[in-house]
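A.B. asks: Sequence:
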Amino acid sequence: MEKMKIRKKIRKIRKRKKSLGFGRTENNKKVQIDGRWMADGGFERHIRRMTKLYQQRRDHLVELLEDYKKQGIPIAYHLPAGGMALWLDIKHHAQELEAYCLSNDVYLLSETHFWLEPEQSENRYIRIGFAGLSSEKLTEGLAIAFDYFLKLQKQ
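The sequence shown: position 46 = 115 (the numbering used here), numbered continuously.
Read the hints as simulated data drawn from the structure, not as lab findings.
Warning: the hint list may mix true and false statements.
Unchecked claim - Restraint ranges, calculated between C-beta atoms of paired labels, are given here: (1) Lys160 - Lys86: 32 to 42 Å; (2) Val100 - Ala168: 16 to 26 Å; (3) Asn173 - Ala145: 19 to 29 Å; (4) Thr208 - Arg85: 48 to 58 Å; (5) Thr208 - Lys81: 55 to 65 Å; (6) Asp216 - Ser190: 36 to 46 Å; (7) Thr120 - Lys81: 44 to 54 Å; (8) Phe112 - Trp184: 32 to 42 Å.
Stated by the list, open to error - Derived pair list, reagent style DSS-like, types lysine-lysine, alpha-carbon separation capped at 25 Å: (9) Lys87 - Lys77; (10) Lys87 - Lys99; (11) Lys98 - Lys87; (12) Lys220 - Lys206; (13) Lys160 - Lys220; (14) Lys86 - Lys139; (15) Lys223 - Lys138; (16) Lys77 - Lys98; (17) Lys98 - Lys86; (18) Lys86 - Lys74; (19) Lys84 - Lys74; (20) Lys160 - Lys139; (21) Lys98 - Lys84; (22) Lys160 - Lys138; (23) Lys84 - Lys99; (24) Lys139 - Lys206; (25) Lys121 - Lys206; (26) Lys84 - Lys139; (27) Lys206 - Lys138; (28) Lys78 - Lys160; (29) Lys138 - Lys220; (30) Lys74 - Lys87.
All of these numbers come straight from a predicted model, not from anything done at the bench.
Note that the Cβ used here is the ideal one computed from N, Cα and C, for glycine as well.
Assemble the whole structure, with the sequences as input and the hints as a guide.
C.D. replies: What follows is the structure, given as structure tokens:
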């Protein structure tokens, strides 16, 4: 009796695995293709290429930020050793800048989104991601964001 229950469970598990696609030849072929690509150094080449691209995008962002600092906009940042974003200290108005940018189709996040208790926010930091943006898009987005600061300075 016990053996029959076990066999029944095994059949159920096999049927479930088959319905989920385990053991299909397409998956095995994909795994073999990926394995060859990796064995031929494809993954390492991809990592080197993407690392270079992200470093170029980060460097472009830093150049833009330095240009804005030279214009007298009071910002500060720390260049992280890794990652695909950096935190920009804009001293104040981070949530207002976020709202202004969003209304102009530019997406950035103020520090408030990263606190478990948002009331702890100092309303001075924004997070700028650079990995998914071309140099042109990054330049356009920062121009819109820093237009906000120029308007504040004139007030």
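A.B. asks: All hints are to be evaluated individually against the structure, with a verdict given for each.
C.D. replies: Going through the hints against the structure:
no. : hint                        : result
1   : Lys160 - Lys86: 32 to 42 Å  : violated, 57 Å
2   : Val100 - Ala168: 16 to 26 Å : violated, 47 Å
3   : Asn173 - Ala145: 19 to 29 Å : holds, 24 Å
4   : Thr208 - Arg85: 48 to 58 Å  : holds, 52 Å
5   : Thr208 - Lys81: 55 to 65 Å  : holds, 58 Å
6   : Asp216 - Ser190: 36 to 46 Å : violated, 23 Å
7   : Thr120 - Lys81: 44 to 54 Å  : holds, 46 Å
8   : Phe112 - Trp184: 32 to 42 Å : holds, 37 Å
9   : Lys87 - Lys77               : holds, 15 Å
10  : Lys87 - Lys99               : holds, 17 Å
11  : Lys98 - Lys87               : holds, 16 Å
12  : Lys220 - Lys206             : holds, 21 Å
13  : Lys160 - Lys220             : holds, 16 Å
14  : Lys86 - Lys139              : violated, 61 Å
15  : Lys223 - Lys138             : holds, 17 Å
16  : Lys77 - Lys98               : violated, 31 Å
17  : Lys98 - Lys86               : holds, 18 Å
18  : Lys86 - Lys74               : holds, 18 Å
19  : Lys84 - Lys74               : holds, 15 Å
20  : Lys160 - Lys139             : holds, 16 Å
21  : Lys98 - Lys84               : holds, 21 Å
22  : Lys160 - Lys138             : holds, 13 Å
23  : Lys84 - Lys99               : holds, 22 Å
24  : Lys139 - Lys206             : holds, 21 Å
25  : Lys121 - Lys206             : holds, 18 Å
26  : Lys84 - Lys139              : violated, 66 Å
27  : Lys206 - Lys138             : holds, 20 Å
28  : Lys78 - Lys160              : violated, 63 Å
29  : Lys138 - Lys220             : holds, 16 Å
30  : Lys74 - Lys87               : holds, 20 Å
When held up to the earlier numbered hints, the structure conflicts with 1, 2, 6, 14, 16, 26 and 28 and fits the remainder.
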